[in-house]
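Q: Which chain is which? The protein sequence lines are A and B, in order. Residue 1 is where the first sequence starts when you use my numbering, and the numbers rise one by one after that. Residue 1 is where the second sequence starts when you use my numbering, and the numbers rise one by one after that.
There may be inaccurate statements among the hints.
Straight-line C-alpha distance at most 25 angstroms; calculated DSS-like pairs for lysine-lysine [claimed, not checked]:
{"no.": "1", "chain 1": "A", "residue 1": "867", "chain 2": "B", "residue 2": "184"}
{"no.": "2", "chain 1": "B", "residue 1": "48", "chain 2": "B", "residue 2": "14"}
{"no.": "3", "chain 1": "A", "residue 1": "92", "chain 2": "B", "residue 2": "474"}
{"no.": "4", "chain 1": "B", "residue 1": "14", "chain 2": "A", "residue 2": "857"}
{"no.": "5", "chain 1": "A", "residue 1": "545", "chain 2": "A", "residue 2": "623"}
{"no.": "6", "chain 1": "B", "residue 1": "144", "chain 2": "A", "residue 2": "623"}
{"no.": "7", "chain 1": "A", "residue 1": "166", "chain 2": "B", "residue 2": "474"}
{"no.": "8", "chain 1": "A", "residue 1": "8", "chain 2": "B", "residue 2": "173"}
{"no.": "9", "chain 1": "A", "residue 1": "307", "chain 2": "B", "residue 2": "474"}
{"no.": "10", "chain 1": "B", "residue 1": "14", "chain 2": "A", "residue 2": "893"}
{"no.": "11", "chain 1": "B", "residue 1": "445", "chain 2": "A", "residue 2": "126"}
{"no.": "12", "chain 1": "A", "residue 1": "140", "chain 2": "B", "residue 2": "14"}
{"no.": "13", "chain 1": "A", "residue 1": "307", "chain 2": "A", "residue 2": "623"}
{"no.": "14", "chain 1": "A", "residue 1": "127", "chain 2": "B", "residue 2": "445"}
{"no.": "15", "chain 1": "B", "residue 1": "474", "chain 2": "A", "residue 2": "867"}
{"no.": "16", "chain 1": "B", "residue 1": "184", "chain 2": "A", "residue 2": "857"}
{"no.": "17", "chain 1": "A", "residue 1": "623", "chain 2": "B", "residue 2": "160"}
{"no.": "18", "chain 1": "A", "residue 1": "725", "chain 2": "A", "residue 2": "589"}
{"no.": "19", "chain 1": "B", "residue 1": "445", "chain 2": "A", "residue 2": "121"}
{"no.": "20", "chain 1": "A", "residue 1": "893", "chain 2": "B", "residue 2": "160"}
{"no.": "21", "chain 1": "B", "residue 1": "173", "chain 2": "A", "residue 2": "126"}
These are calculated hints, taken from the structure and not from any lab test. The model shown is predicted, which means the values in this text are computed figures rather than measured ones.
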Amino acid sequence: MRAFGLTKRINSIKFSLLSPDEIRKMSAVKVITADTYDDDGFPIDKGLMDLHMGVIEPGLRCKTCGGKVDECPGHFGHIELAMPVIHVGFVKNIKNYLDATCRECGRLKLTDEEIEMYKMKIEEAKKMGASPMQMFVLYKRIIDEAASRPICPHCQAEQKKITLDKPTTFREEGRKLTPKEIRERLERIPDDDLELMGVNPETARPEWMVLTVIAVPPVNVRPTITLETGERSEDDLTHKLVDIIRINQRLRENRDSGAPQLIIEDLWELLQYHVTTYFDNQTAGIPPARHRSGRPLKTLVQRLKGKEGRFRSNLSGKRVNFSSRTVISPEPFLSINEVGVPEKAARELTVPIAVTEQNIEKMREIIMRGPNPRDENGRYLPGANYVIRPDNRRIKITETNSEMVAKKLEVGWVVERHLTDGDIVLFNRQPSLHRMSMMGHRVKVMPYRTFRFNLAVCPPYNADFDGDEMNLHVIQGEEARAEARILMLVQEHILSPRFGGPIIGGIHDHITAMFLLTHKNPKFTKSEAVHILSYLNYDELPEPKIIDGKEYYMGKDLFSLILNKGVNIEFKSKICDPSVCGGTCMKEKCPIDAYVVIRDGKLVAGTIDENAIGSFKGKLLDKIVKVDKNLGRKFIDDLTRLAVGVISYIGFTSGIDDEDIPEDAKLQIMSVIKEAEDKVEKLIEHYKKGELQPLPGRSLEETLEMEIMGVLAKARDEAGKISAKYLGLENASVIMARSGARASMLNLSQMAGSIGQQSVRGQRLHRGYQDRTLPHFKRGDLGAKARGFVESSYKKGLNPTEYFFHSMGGREGLVDTAVRTSRSGYMQRRLINALEDLKVRDDGVVVDTGNNIIQFKYGEDGVDPTKSNWNEGINVEELLVDLFGEEYLERRKKK
Amino acid sequence: MSGDSELVLIWKDKMNNVEALMLNAPVYYAVDFPVKLEPPFYAYITLKGKEANYRVRVTEVREYEPLEGIMRRSNKNLKTLLYLEEIQEIASIPLNEFRKENGEEIKRVSKYSYGTLTLITDFELKKFRDMTDEERKIYEMAIKDYGVELPFSIVSEIAKAEEKYDIKNTELKRIVDRAVEIYKKRQVDPYEAVGIVGAQSIGEPGTQMTLRTFHYAGVAEMNVTLGLPRLIEIVDARRDPSTPMMTIYLDEKTRYSEDGAKELAKKIESTLIKDVADIVTNITDMSVIIRPNMEEMENRGVTKDNIVESLAKIKLKIVVEVEGENIKVKLSEPSYKNLNRLSTEISELTLKGVKGIERAIVRKSGDTNEWVIYTQGSNLRDVLDMDGVDGRRTKTNNIIEIANVLGVEAARNAIIYEALDTLQQQGLSVDIRHLMLVADVMTQKGYVEAIGRHGVAGQKESVLARAAFEITSKHLLAAGVTGEVDELNGVAENIIVGQPVTLGTGAVVLIYKPKKR
């Protein structure tokens, strides 16, 4: 664990190129043999697995630092190249330097005055804080300017045109330049001129881009893998290095023995190929080096690049311990702040507890229990898995040694205790699209094997229980635990920063239940009421109402039990239907009970539905949470408990008979559809006769299609309306749709009435066979049925052609989703990348890392969207009522 | 700009001339036109002939004579020497703000031109200049008593309440007091990672959006890109949106007359020759025959003479013959290659209308009961120049075009508007502050920058952050050559090296020093 107090911090990282001297200096061994291990499986001296470069086998010691596996950090070796070769990564740089400098004297081909001028420009740009990218542009301009000079202004030498044969061959007017010649030219460039070309002479010299020495990475960068069969398999990098050493050897021998130039050149080129692929095996223009099996080798660049590369996979994202993953399932009796953790996971996941004078006895007791303790009733008790001594030694606690360890325990040790109720953990579901995808929960250890949580927390995680899995992370530090408790706990995230409304709230059955409980204020006998409230903690039953001499408890009063005193709000329910009152809201006297009035925590009128308690939309919920997050949490907890009571007592079920409509409604729907089809026929006839008037800017065909789509869409709506007329609020499916619990009236009308037009790419179906969609139709038939209009309902069932059309439409939906996820994922990655560094300074100014001001005041008013009032400013009316009271205001109203 | 009407000299120049002048000023500059103005005066240089980009101060004018160390505009016909004391880059002024003495605007500057610079000063900054006394009182009260600048919307809400109720002064104080309290409570916390929250708030609903082109609300005839593709287009800062579109509002005269609107729409809609005529290539006598469609021509208000006139714009050498109804165009020097070119060039010729606008549709706007023109295709600059157009409300969905015509601040507003509109069309609610932040990041440099590899993300200070985003190896190699230093200020870099980031709780350093007993 980290020491208390200040921790070290890396201040900056400087990048530079390695010079050949530096490579030699830091090298632990000069590698000269291409072999790895001898027959006994021992690393060969001066070979690629030389013990100077580190150890990967347990038992051996590093010859450089003496460390064992995991202790030795690894050391570089080097290979001396017989002839220099070009580094592929710098080919463009080399070309630039060759172009911009004189082939004779090595000076930048600009006059001294120009050099002065550009130096000033560079300085100015740096002073103005140009980004590295902008500096590149400037350097490129200087290089281009210098490259355009046909004669060197310094030595008057005539320049020749240099061309680059990708990837690594340079030619000067057709003649091949050897890397050796190139290196010589680059050596001549003076340091002062380099600065104008964007090279920092303190960190890089151009001739270092032509390699004479290659650094050999430590063995633990490229470990040998021993298969189960005992067979050894070398890393891709080792393979490549073997190639380089072999060719290098042959080249040296041939050169020293004076072999013909042709052979030397061939070998030289081969060496260049191997060095090139050693760095980047996806260089354009050359075939990638392959493994024996035909798989391309993964060399240096491939190790770093892309999603699976070192940067994105290992550096920007890291693997962790103390985490677990399992299937999730619902548990309405947990608070939204809690998460049910299976005992099995709780015994594996531990929390480090520092032993102090205050807790040493308690810790002893926990250790004494051993690794698998239970109380006398067989219930879970936290034990401990390890203790850590101050010298960082871990002692595993077993049944046998638990008492001994407990006795030895001292202040300053750390005990790794099992999870127990109340520990704070992080809970996460992927894809983690927003910050609510990872929230802090309190542990509740439970039997069985799934993670469990309150259903109201499904929306922020976007979770359901059809097999979803989630991850749980146990926090190991006090600082992190405090942050998680204060900032990350679920109740702190009930409001979403996206729109400033609640994202955690009632869903599905919560809404249905509240609707059943409050709509038209149903009455319950005492026994019923007690039953409904049986899961809830409440002080006392509300005042009963006497109806016909009997005591009844009203649904609205029961709901008011979970409301706190002091809540005042009025709003329209989801079921509000302006056609009932003709647009002039009757407020409390709404005939369909769709205007919610809550006064001082009492539900006076209205139906509680999605607009009151739903996630994303719940206005009542929003109001409560904005007053106090703790109250908000309690409200949601109570709400779920109440909902379970209501819905399991009243009973709620939906079946296909919900979509039964009377025979004559069916006839009406049929006739509406028939009419529409006739209309379509008429339109087609019209079109065929050439009487159709095209809409401006549209062809006749397009106009026809648009008209037909219009007619058919209207017919579907019409059918929906007819079926809706026969489906009232006594119907379970309708209750769900109207209250906003699930589904919509459209879904119902598709089940009861007609499914309607199927479409692909926003057009009626038209592809398939020549001039027709299916062979069931005549060629050129433009009628409704032939082009994907499904007149059946889901309940009635689809005929074969309809079924086929419906599948076409359905397939488009699937493809659409697949394409959309990847596209929006990339957009979000880019957005985050662009904005991740922005922060609000303590004076309210938004700045980036370079302290550049992005906004003078965040969002122009400095208001946090989470705390804002659903995009509104301050509700002054509410404020006035709050300050002066309604009656006083009424009197003060101006005429 | 000094003075509301100064006589100025404008000429067109080349970029490298201007660069040389900027490096060398003050300097004598030899120009190839006579100047009859009394120095000192200001002159303007235009680069493209559309707006003035540079201002120079001329303190001496004399006849040209070869001198040491002068600079030249061209090499021939030098007439005047101007002594330029200073040259500075200015925010570009459209040439139509320079008027000649007779009142007509300078459209194109070839060599030089005189003009009078007129300033348009009747801007209306509604919000702050038009604060009512009541509003100002409340606003100032909040500043004086609490040192808080209340947002205008809150101030005006309170003022409205004052109108509605009889409120005593002490009560007003209590109201402002409470408003300030609420406002303060809602402020963002310092070091909040607003960028990440914003990016997530825009990115997360992306998964819920459709991926298709739909018909624009109200105008069924037009296809407009909506949903996720449109949002991506906005953050990409594409030069041309896939479906450019304008909403043109009309001035008070034409706003309420359908005929006026339709006439204007006809003027705006561009008509190509191929829209009103068939074009046939006759290989036997090496000619292109234009067969006008009389009905279409009448529809679009084009005459045959218009066609003949427009043929003058063709750069090939041609002979035009009118044969009854048809028009025959022949090449003066017959060649098959040019014949082909001629026929395509003829069919693309614009007869009338605004370039780039393919279609204009007139619709009555629902809420204000006025006529509005919707167009497919966009050309803000030219449409704003037309009579009858209400330039203040006219919109285009081409953000880059807005940046070019109206400037970055307008582009910033356009980004916010377009993104918010796209999200709302999909029924997704996103707080406007997130979009403001994205728009501000995209426009912070003074021009519109895309979000991504070629824009904001690629410009980051940190090598590691750039390497972690895209094209890893390129950035690392280049960093070595230039000897870049990564200061580890950002989020990505610190995660890579494994230390706390500098946002939120990581931005503050707190050390607890226990008291010595």
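Q: Does each hint fit the structure? Answer for all of them.
A: Okay, the hints, checked on the actual structure:
Of the pairs offered as hints, the one joining residue 867 (chain A) and residue 184 (chain B) holds, with about 11 angstroms between alpha carbons and a cut-off of 25 angstroms not exceeded. Note on residue 48 (chain B) and residue 14 (chain B): the hinted pairing holds, with a Cα-Cα distance of about 9 angstroms set against a maximum of 25 angstroms. Between residue 92 (chain A) and residue 474 (chain B) the alpha-carbon distance is near 11 angstroms, which keeps this suggested pair within the 25 angstroms criterion. For the given pair, residue 14 (chain B) sits about 41 angstroms from residue 857 (chain A) by alpha-carbon distance, which is inconsistent with the 25 angstroms threshold.
Taking the CA atoms of residue 545 (chain A) and residue 623 (chain A), the gap is near 29 angstroms; set against the 25 angstroms cutoff, the hint is violated. The straight-line distance between the Cα atoms of residue 144 (chain B) and residue 623 (chain A) is roughly 31 angstroms, outside the 25 angstroms bound, and the hint therefore fails. As the CA atoms of residue 166 (chain A) and residue 474 (chain B) are separated by approximately 17 angstroms, the hinted pair is consistent with the 25 angstroms bound. Of the supplied pair hints, the one linking residue 8 (chain A) and residue 173 (chain B) is violated, its CA atoms being roughly 52 angstroms apart against a limit of 25 angstroms.
For the hint linking residue 307 (chain A) to residue 474 (chain B), the alpha-carbon distance of about 16 angstroms falls within 25 angstroms, and the restraint holds. Pair hint residue 14 (chain B) plus residue 893 (chain A) does not hold up; C-alpha atoms about 69 angstroms apart against a cutoff of 25 angstroms. This hinted pair checks out: residue 445 (chain B) and residue 126 (chain A) have alpha carbons roughly 16 angstroms apart, not beyond 25 angstroms. Among the hinted pairs, residue 140 (chain A) with residue 14 (chain B) is consistent with the structure: their alpha-carbon atoms are about 22 angstroms apart, no more than 25 angstroms.
About 43 angstroms separates the Cα atoms of residue 307 (chain A) and residue 623 (chain A), which puts this hinted pair outside 25 angstroms; it is violated. Of the supplied pair hints, the one linking residue 127 (chain A) and residue 445 (chain B) holds, its CA atoms being roughly 16 angstroms apart against a limit of 25 angstroms. Using a Cα cut-off of 25 angstroms, the hinted pair residue 474 (chain B) and residue 867 (chain A) is violated, with the two alpha carbons roughly 43 angstroms apart. Restraint check for residue 184 (chain B) and residue 857 (chain A): the C-alpha separation of about 13 angstroms stays at or below 25 angstroms, so the hint holds.
Distance restraint check for residue 623 (chain A) and residue 160 (chain B): the Cα-Cα separation of roughly 24 angstroms lies within the 25 angstroms cut-off, and the hinted pair is therefore satisfied. Distance hint between residue 725 (chain A) and residue 589 (chain A) is fulfilled; the C-alpha atoms sit about 23 angstroms from each other, no more than 25 angstroms. Taking the CA atoms of residue 445 (chain B) and residue 121 (chain A), the gap is about 19 angstroms. The hint holds against a cut of 25 angstroms. The straight-line distance between the Cα atoms of residue 893 (chain A) and residue 160 (chain B) is roughly 12 angstroms, inside the 25 angstroms bound, and the hint therefore holds.
Our distance criterion of 25 angstroms between C-alpha atoms is broken by residue 173 (chain B) and residue 126 (chain A), whose separation comes to about 52 angstroms.
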